[in-house]
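Asker: Protein chains in written order, with full-length UniProt numbering: chain A, 1 to 248; chain B, 1 to 261; chain C, 1 to 260.
Just so you know, the hints here were simulated from the structure itself, not pulled from any lab data. Note that the structure is a prediction, hence the values are computed from the model and not measured. For glycine and all other residues, C-beta sits at the position ideal for the given N, C-alpha and C. Heads up, none of these hints are tricks.
Residues on chain A that point at chain C, a partial pick, calculated with CB under 8 Å:
1) 79
2) 82
3) 86
4) 87
5) 90
6) 91
7) 181
8) 185
9) 188
10) 189
11) 192
12) 199
13) 213
14) 220
Pulled a few chain A residues facing chain B out of the computed Cβ check, cut under 10 Å:
15) 162
16) 167
17) 243
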Amino acid sequence: MQDINLTDLFVSLTGRLGLNYEFLATGYEAQIWRDGFITTLYLIALLIPVSLVAGLLFAACLTSGRVWLSTPVRAFVEITRNTPTLVQLMFSFLVLNTFVSDLVGGAQNNPLSPFFWVVAVVGLHIAALHAEAIRAGIEAVPASTVEAARGVGFSQLQILQYVQVPLAFRASLPAIVNNLINLVKLTTVGNAIAVSEITYASIMVWTQRDNVVSMMIVILAFFSLINLVVARIGLWVERRLAVPGYGL
Amino acid sequence: MNISADNAIVRLEDVHLSFGQTEVLKGIDLTVNRGDAVSIIGPSGSGKSTILRCINALVQPQSGRITVNRTRVDQLTRESERIALRKRVGIVFQQYNLFPHLTVLDNIVLAPTRILGTDRREAEKLARELLEKVRLAEKANAYPGQLSGGQQQRVAIARALAMKPELVLFDEVTSALDPETVGEVLWVIRDLIRDGMTSILVTHEMRFAEEISDTVVFTENGRIIDQGSPEQIFHSADNPRVRQFVSGLSGRGPVRDGEGI
Amino acid sequence: MTAATLFQPRRSSKILRNVGFVALPLLVLVWSLADLTLGRELLEWIPYLASGFAMNILIALCAMVLGTLVGVLFGILELVPYRLLRYPVVAYVQIFRNAPHLVLIFATTYIFPFEIVVFGNYLPFPDWVKAVIGLAIPASAYIAEITRGAILSIPTTQWEAAKGLGFSRNQTLRRIILPQCLRRSLPPWMNVAASITMGTALASLVGVHELLHAATDASTAVRRLDFTVIAYIVVMAAFFTLCYPIARLTRRLERRFNAA
Numbered sequence: 001m002q003d004i005n006l007t008d009l010f011v012s013l014t015g016r017l018g019l020n021y022e023f024l025a026t027g028y029e030a031q032i033w034r035d036g037f038i039t040t041l042y043l044i045a046l047l048i049p050v051s052l053v054a055g056l057l058f059a060a061c062l063t064s065g066r067v068w069l070s071t072p073v074r075a076f077v078e079i080t081r082n083t084p085t086l087v088q089l090m091f092s093f094l095v096l097n098t099f100v101s102d103l104v105g106g107a108q109n110n111p112l113s114p115f116f117w118v119v120a121v122v123g124l125h126i127a128a129l130h131a132e133a134i135r136a137g138i139e140a141v142p143a144s145t146v147e148a149a150r151g152v153g154f155s156q157l158q159i160l161q162y163v164q165v166p167l168a169f170r171a172s173l174p175a176i177v178n179n180l181i182n183l184v185k186l187t188t189v190g191n192a193i194a195v196s197e198i199t200y201a202s203i204m205v206w207t208q209r210d211n212v213v214s215m216m217i218v219i220l221a222f223f224s225l226i227n228l229v230v231a232r233i234g235l236w237v238e239r240r241l242a243v244p245g246y247g248l
Numbered sequence: 001m002n003i004s005a006d007n008a009i010v011r012l013e014d015v016h017l018s019f020g021q022t023e024v025l026k027g028i029d030l031t032v033n034r035g036d037a038v039s040i041i042g043p044s045g046s047g048k049s050t051i052l053r054c055i056n057a058l059v060q061p062q063s064g065r066i067t068v069n070r071t072r073v074d075q076l077t078r079e080s081e082r083i084a085l086r087k088r089v090g091i092v093f094q095q096y097n098l099f100p101h102l103t104v105l106d107n108i109v110l111a112p113t114r115i116l117g118t119d120r121r122e123a124e125k126l127a128r129e130l131l132e133k134v135r136l137a138e139k140a141n142a143y144p145g146q147l148s149g150g151q152q153q154r155v156a157i158a159r160a161l162a163m164k165p166e167l168v169l170f171d172e173v174t175s176a177l178d179p180e181t182v183g184e185v186l187w188v189i190r191d192l193i194r195d196g197m198t199s200i201l202v203t204h205e206m207r208f209a210e211e212i213s214d215t216v217v218f219t220e221n222g223r224i225i226d227q228g229s230p231e232q233i234f235h236s237a238d239n240p241r242v243r244q245f246v247s248g249l250s251g252r253g254p255v256r257d258g259e260g261i
Numbered sequence: 001m002t003a004a005t006l007f008q009p010r011r012s013s014k015i016l017r018n019v020g021f022v023a024l025p026l027l028v029l030v031w032s033l034a035d036l037t038l039g040r041e042l043l044e045w046i047p048y049l050a051s052g053f054a055m056n057i058l059i060a061l062c063a064m065v066l067g068t069l070v071g072v073l074f075g076i077l078e079l080v081p082y083r084l085l086r087y088p089v090v091a092y093v094q095i096f097r098n099a100p101h102l103v104l105i106f107a108t109t110y111i112f113p114f115e116i117v118v119f120g121n122y123l124p125f126p127d128w129v130k131a132v133i134g135l136a137i138p139a140s141a142y143i144a145e146i147t148r149g150a151i152l153s154i155p156t157t158q159w160e161a162a163k164g165l166g167f168s169r170n171q172t173l174r175r176i177i178l179p180q181c182l183r184r185s186l187p188p189w190m191n192v193a194a195s196i197t198m199g200t201a202l203a204s205l206v207g208v209h210e211l212l213h214a215a216t217d218a219s220t221a222v223r224r225l226d227f228t229v230i231a232y233i234v235v236m237a238a239f240f241t242l243c244y245p246i247a248r249l250t251r252r253l254e255r256r257f258n259a260a
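Chain A with its partners taken away, still in its complex shape:
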């Protein structure tokens, strides 16, 4: 009961400012919109760990010193960095997805949804950016520190695990947070293949209601807020990991 009253109050107050949020009082459109927000948040929550894990794997390949590992990853990194993510998504969805459908004998058998393709394309795109940041971080670890670790008797893998990655992670953290902010923004490309994230849901509402400005204010506030939170968490982690006297 009270919930409805609050909604009504909000609608009438904003109405006085010339904004139109009447759809919130209706069940159906409000539901679509709410689901849009949830889908976007779900995408972000899923993409952050996916991109980080894949990014670490890519970085390991790039710095492995093995040409057959680093070359394909390097090629992928350059292509994904220098072509629009939207084009990659359309290509994946229209071409790769069709191949998969043919492979499993028809689209009805294809288990891969548009949602999957958004996670795959955006996740790997951001992973490529992470990998570049981590690689730069690993290369920034002084050679003498690595030699000291070898001198003590650490194996290549142990040096990576205990010395290079912890130091590289600290050095690349600002770049990684920046990539995550890009990740949040990139979730909107799902719109192109009808993943009902927030922009897609909003279009469904404003084509009926003609209230683009009102919707935009909320969407912009929403993304500002998420990215503020991401940046804050990044800063918090940075402070927690900060080491006295180690330049950052």
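Put chains B and C on the given structure of chain A with help from the hints.
Answerer: Below, chains B and C without anything else, positioned relative to chain A:
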């Protein structure tokens, strides 16, 4: 393997090494006995540090034999074998090279727990003893960035000792330090040598080398020109180059001093 | 030993990096020649695709010019001591730096009317111009930050040193401060340019006839899977050939400026 000979723990025979076109070592012969302290002196670029890196298998010579306590270092082909050697041979570097993201205690504990598989509590106990020994017990929880150069170098020595090595290599460990902190590091090394730790030092501290060494080795251009007791090298060298080098240094203003502590 | 393991991959990745300039166009060419019916089909559509790509370049250029002008101005305004002026600008930068490009393109497309009245004349307000504005907004926010950072990074001692040498305030700004600012901000500005260029593909979602839109048109018209594949590879190749050299140059400049 000549067992009868031997009190020798390290033996280099005709070791040649070059980086690309540059010949760094041109036939090094060197024997270090158990419990001895050997100082390697000589002009910069004469290959002193490279000798230490050969003994620790950080670099591989092109030819010659290197034996460390019955291990033929020059014949090690797999990284795992080299790692096994490095566990037994500690090395301390000019630039200390502590791990900047770990506390002093963790710097010392990391290798024993991860490489030797020592129990964490036991490793910590040893680490605290070693910190006591290098007079830094109160700095256990500090980060390397909060310490002076001399303090960091003492932690680096403790880190090397935590592996309970058979011998320790010191690579110009005071060259990067402020003059005020050189003494405290030399103090620690002197203690160590008195306790009987086999040590090979590359150093520019002539007074210190004279005081603590059993043998002094003079290198120039990748060769050992002369070696003998400190008395021989510093006061009655036959070789004119050695005489020139030693006298040139002593005339070089105030000698850094580790004695006054 | 270490030298060997370090240098080997360097050399091969250098070759790889230079292969990058031509790899995708070469792939398209080889495939077209291998399957001539496909090649002929593609050749027919190339002018249409090219007109689309011209639109991408036009949008990117306009958005960068507009974004740079506004961004530099806002970057300076972010540093003025008057709060009334500074706060709105800071808010603008914060909001639009964090906003998805697609959202801003939607905003400008659906909020602005399709024509505007100037002195009683109805002027059309085409969608591509709206896309320009939609991309100029985030560009201006990024560039404002770059400008602010560049100005802040010049130490005050530079001003003093110049004054000491007898430069006037104007000369100091023109000959000493601005050149340093430019040097510092060129690489990040180029990053923005590349990002905005790739953002122009988003305009396809609001119906602007640009390359991605053209490729979708073409592939629905031809109805051949292999044509769809090659059409999208052409799109990737076009963007890649434009953005990859920019990225390479940016990295080179960054390295040179960092070393200096």
